[in-house]
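S.K.: Assemble chains B and C onto chain A, guided by the hints.
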Amino acid sequence: MQFTAQQISLLLNGTVEGDALVAVDKLAKIEEGTPGSLSFLANPKYEQHLYTTGASIVIINKDYVLNGPVSATLIRVDNAYSAFSVLLEQYNTIKLNKTGIEQPSFIHPTAKVGSNVFIGAFAYVGPNATIGDNSKIYPNTYIADNVTIGNNVTLFSGVKVYFDCVLGDNVIIHSGAVIGSDGFGFAPNPDGSYNKISQIGNVVIEENVEIGANSTVDRATMGSTIIRKGVKIDNLVQIAHNVEVGQNTVIAGQAGISGSTKIGEQAVIGGQVGIAGHLTISKGSQFSAQTGVNSSTREEGKQWGGSPYLPLKDYLRAHVNIRRLPELEKRVAELEKMIAELHNNK
Amino acid sequence: MQFTAQQISLLLNGTVEGDALVAVDKLAKIEEGTPGSLSFLANPKYEQHLYTTGASIVIINKDYVLNGPVSATLIRVDNAYSAFSVLLEQYNTIKLNKTGIEQPSFIHPTAKVGSNVFIGAFAYVGPNATIGDNSKIYPNTYIADNVTIGNNVTLFSGVKVYFDCVLGDNVIIHSGAVIGSDGFGFAPNPDGSYNKISQIGNVVIEENVEIGANSTVDRATMGSTIIRKGVKIDNLVQIAHNVEVGQNTVIAGQAGISGSTKIGEQAVIGGQVGIAGHLTISKGSQFSAQTGVNSSTREEGKQWGGSPYLPLKDYLRAHVNIRRLPELEKRVAELEKMIAELHNNK
Amino acid sequence: MQFTAQQISLLLNGTVEGDALVAVDKLAKIEEGTPGSLSFLANPKYEQHLYTTGASIVIINKDYVLNGPVSATLIRVDNAYSAFSVLLEQYNTIKLNKTGIEQPSFIHPTAKVGSNVFIGAFAYVGPNATIGDNSKIYPNTYIADNVTIGNNVTLFSGVKVYFDCVLGDNVIIHSGAVIGSDGFGFAPNPDGSYNKISQIGNVVIEENVEIGANSTVDRATMGSTIIRKGVKIDNLVQIAHNVEVGQNTVIAGQAGISGSTKIGEQAVIGGQVGIAGHLTISKGSQFSAQTGVNSSTREEGKQWGGSPYLPLKDYLRAHVNIRRLPELEKRVAELEKMIAELHNNK
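Taken in order, these protein sequences are the chains called A, B and C.
Using the working numbering, you'd call the opening residue of the first sequence number 9 and step up by one each time.
Using the working numbering, you'd call the opening residue of the second sequence number 9 and step up by one each time.
Using the working numbering, you'd call the opening residue of the third sequence number 9 and step up by one each time.
Any given hint might turn out to be false.
Each pair may be met inside one copy or between any two copies, as identical chains are not told apart.
[Stated by the list, open to error] Restricting the straight-line Cα-Cα distance to at most 25 Å, the calculated cross-link-like pairs of lysine-lysine (DSS-like) are:
(1) K53 - K310
(2) K106 - K270
(3) K321 - K204
(4) K106 - K310
(5) K270 - K310
(6) K120 - K53
(7) K106 - K120
(8) K204 - K34
(9) K103 - K345
(10) K204 - K103
(11) K106 - K34
(12) K270 - K103
(13) K53 - K37
(14) K291 - K321
(15) K310 - K237
These aren't lab readings, by the way, just hints derived from the structure by calculation.
Model, not experiment: these values are computed from the prediction.
Chain A on its own, in the form it takes in the complex (with noise of 0.2 Å):
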């Protein structure tokens, strides 16, 4: 789809200083713009590129004054940063705006779906489940028996939801992820094997979740785990049973929370962080990367590294001691070597 300077300026509301008629197909960045594609001028670091862009249209803020001729076409707006925020949502829009049931699907007899839902070919709607009003089911996606999945959800290909679970309303789940597998529960038998533990819980994801590519979150024993609203998680995270993830938390790639942890809200757990079991974490709680969490915190929104974990700021400062630590010892070793001294010369 092509638009014109003088669509897109009346979309946001702005002005056109040179050709309205110029005409653009693709979004890009201004220093690696191209005739046909639209840019934006937000941080004045970027400045210099508005000078020698390819791009045919840049937007720029209403108060920007300029130090030489350009040659594409400007939209003047009273943010250019938002003004381009609203269109790179409009194209995704746009461009994911699917519908209808492709075949070969299987949907059960006994499934409800809502209204102007898009279902893939290759994807599988088990008995009970429910599927929400413009909801987006990709290809090669799995839905077990009695799932609920809320309105506006979006599962790209290959996720796979196991049975009794439930997704509130504008849930997106990323290809691969395993929302509802059985949680990592044996009982020890007196000959060294393991008895497994039924996992007949579920999970539960409430409204505005983002899950990564390729991330598990197992069901629960008995109950539910639980992943309030607002939560952001990344790829290949790992949530285990019984789990609960507080409002608003953000939680980056790779980290692993253990089984019956709560974790607060408005946490931020850093890439690759673990988080040992039955813990409860504190609200706003931030830990950096590779962070190991052995007991819980007490403290509302204080930062931590480190593993074992300690205050950021002395995991900082024992980690410059240890890269002190060969000039420690040598120090210790000639202090040794006086206080020998003094003695013999008593």
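M.R.: This is chains B and C only, laid out in the frame that chain A set:
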């Protein structure tokens, strides 16, 4: 399905106190019990909930003495915990009791499929593959050429098993796990590029193994990557080519075992642990979470921690020392000052 | 398929010693050889097995001098190891030589599919997607709209490629890997919730790249996440949005690269390594397993370890010092006692 207190009591060889005809259709924790649900009381810590629970039926020990009025119907048994475990298992068995072959699925004419199996829609069973009796192959699962699968095996939705791999009886594999992908083997060329080394071995998984969601087990370069019987592997675990994992070993989430390493039996490997290649790990070794193992272990049944790893006790002690490092540096500086003074005063 | 010693010898330009008509149908390590299998002897460490192996045929070097009777037929060649590698590759090529389009599969009428391809059952090829000649798309694989796939590409079962991504010639991607999922980008709101930042870029994978099972490569916010030619990526690796991985770099299992980081060519990144965002890693940098990289590197070809990372030698030395910390504390305490004595005796 609904069951009355009387029916359940008969099954558990118990005795009913209260309304024998009250019916339940789900299981719940005693503190979360609602009308229509069945709970149990085993841990005295939860005793107070017995008197307030909304559950319709509670299973308790024969010899438990009531301290007040209870509204739920009680079923008294020898051991409330193990009686409840029996019910959990029965519940799950009924819940997951699927059989039959859904359409469309792909079963190659040369594949051999046992009796009483479930093969879900969009599942693929390749040429010369064998599936034993009572096995369940969930939708969107891929079983390549010449794969052998035993009896009572469960492959949840989206499991991928590459050609020539062998799975024993009672194996359970969760969604998205990949069995038999190529080992990571490349030979460097003088120009900096790499040549792939063909990986022509397979993976052998013995009986009673469980493997978690999105875990990966690579095929051997030649010979077999072997998971011995009774091994339990959590989610997002990486097992590299030619690894052997000993009987009844347990591996927690996001741990990784590098190529050709042999893990002894009854080991316990914590979350996010990394074990380097070509090592031998002795029987019963225990690694705490995030441990980094860069050499073989000799002693059996020992606990380890840290990266690179140390005996767990040494590691924990060293970590306390690390926290005190800034203090230690100050003490050394103080000593240096005092020694200088002593020198000057001499 | 069966091959005689004579046929194999012809292929390898070798000479046969023993029964030229003995036939084999599989490859085996010399110590695991059984009748009907073909082995090789290159490493003198395994020499003893030549005299006891059950293999029917063994490939050995031309100049190898026997020290006893051998029951296997021998094929003598210039270089036993490279001769065997040739066979390995041929074996695998024959083994994986699938072509044709299985049914049911989904190929959009606007998709362009080259000649001599394999498209497995339940594979999905979206609108305007292009698949080059001789490529293999295994069952249950998903190729979204506008994806471009080169020649001789192999996508194993269950790979997911999001819209607009580009894969060069000879790329191999293993089961469950996800290419082009959304980058992890969110803008905070005053109420603590987050707004999704649309991710409209793509992923470009150049020729001769291999990506392991269940790894994830996120699409760029704008522009491209780029994997340069010859890069080899193991299982369960996370590559975040706008990352660029330089030519011939090798990344081991469970490593993670955060957003916008540029990795130089010929780097070697160990298992479970984490690299923070917006960094530049110089050419040939080597990171040992579990390293945590929190700043850019300047020097080329250097080895690093630890978290936060240090030059590998410094890290290993510091680690030795850490083990001696309890001892060092004792030495300091001893010094303090002696100094106090000296003071008192003054």
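S.K.: Measure nothing new, just compare the shortest in-copy and cross-copy C-alpha distances for K120 and K53 to 25 Å and report within, between, both or neither.
M.R.: Intra 52 Å, inter 42 Å, cutoff 25 Å: neither.
S.K.: Is it within a copy, between copies, both, or neither that the alpha carbon of K106 lies no farther than 25 Å from that of K270?
M.R.: neither (37 Å within a copy, 34 Å between copies)
S.K.: I want to check one pair: K53 and K310. Are their C-alpha atoms no more than 25 Å apart within a copy, between two copies, both, or neither?
M.R.: neither (33 Å within a copy, 32 Å between copies)
S.K.: Between copies, within a copy, both or neither: which fits K291 and K321 at Cα up to 25 Å?
M.R.: within (19 Å within a copy, 32 Å between copies)
S.K.: Could you figure out if K270 and K103 sit no more than 25 Å apart (CA to CA) within one copy, between two copies, both or neither?
M.R.: Neither way: K270 and K103 sit 38 Å apart in one copy and 29 Å across, limit 25 Å.
S.K.: Within a copy, between copies, both or neither: where do K204 and K34 come within 25 Å Cα-Cα?
M.R.: Between copies, since 20 Å is at most 25 Å while 53 Å is not.
S.K.: At most 25 Å between CA atoms: does that hold for K106 and K120 within a copy, between copies, both, or neither?
M.R.: both (19 Å within a copy, 21 Å between copies)
S.K.: Taking 25 Å as the upper bound on the Cα-Cα distance, should K310 and K237 be classified as within, between, both, or neither?
M.R.: The answer is within: 22 Å in one copy meets 25 Å, while 43 Å across copies does not.
S.K.: Since the copies are identical, ignore which copy is meant and state whether K204 and K103 lie within 25 Å (CA to CA) inside a copy, between copies, both or neither.
M.R.: Between copies only: 16 Å across chains, 45 Å inside a chain, cut-off 25 Å.
S.K.: At 25 Å max between alpha carbons, let me know whether K270 reaches K310 within a copy, between copies, both or neither.
M.R.: Classified as within; 16 Å inside a copy, 31 Å across copies.
S.K.: Using 25 Å as the alpha-carbon threshold, which applies to K106 and K34: within, between, both, or neither?
M.R.: The answer is within: 19 Å in one copy meets 25 Å, while 38 Å across copies does not.
S.K.: From the Cα coordinates, with 25 Å as the cut-off, is the pair K106 and K310 best called within, between, both, or neither?
M.R.: neither (43 Å within a copy, 49 Å between copies)
The structure shown violates the earlier hints numbered 1, 2, 3, 4, 6, 9, 12.
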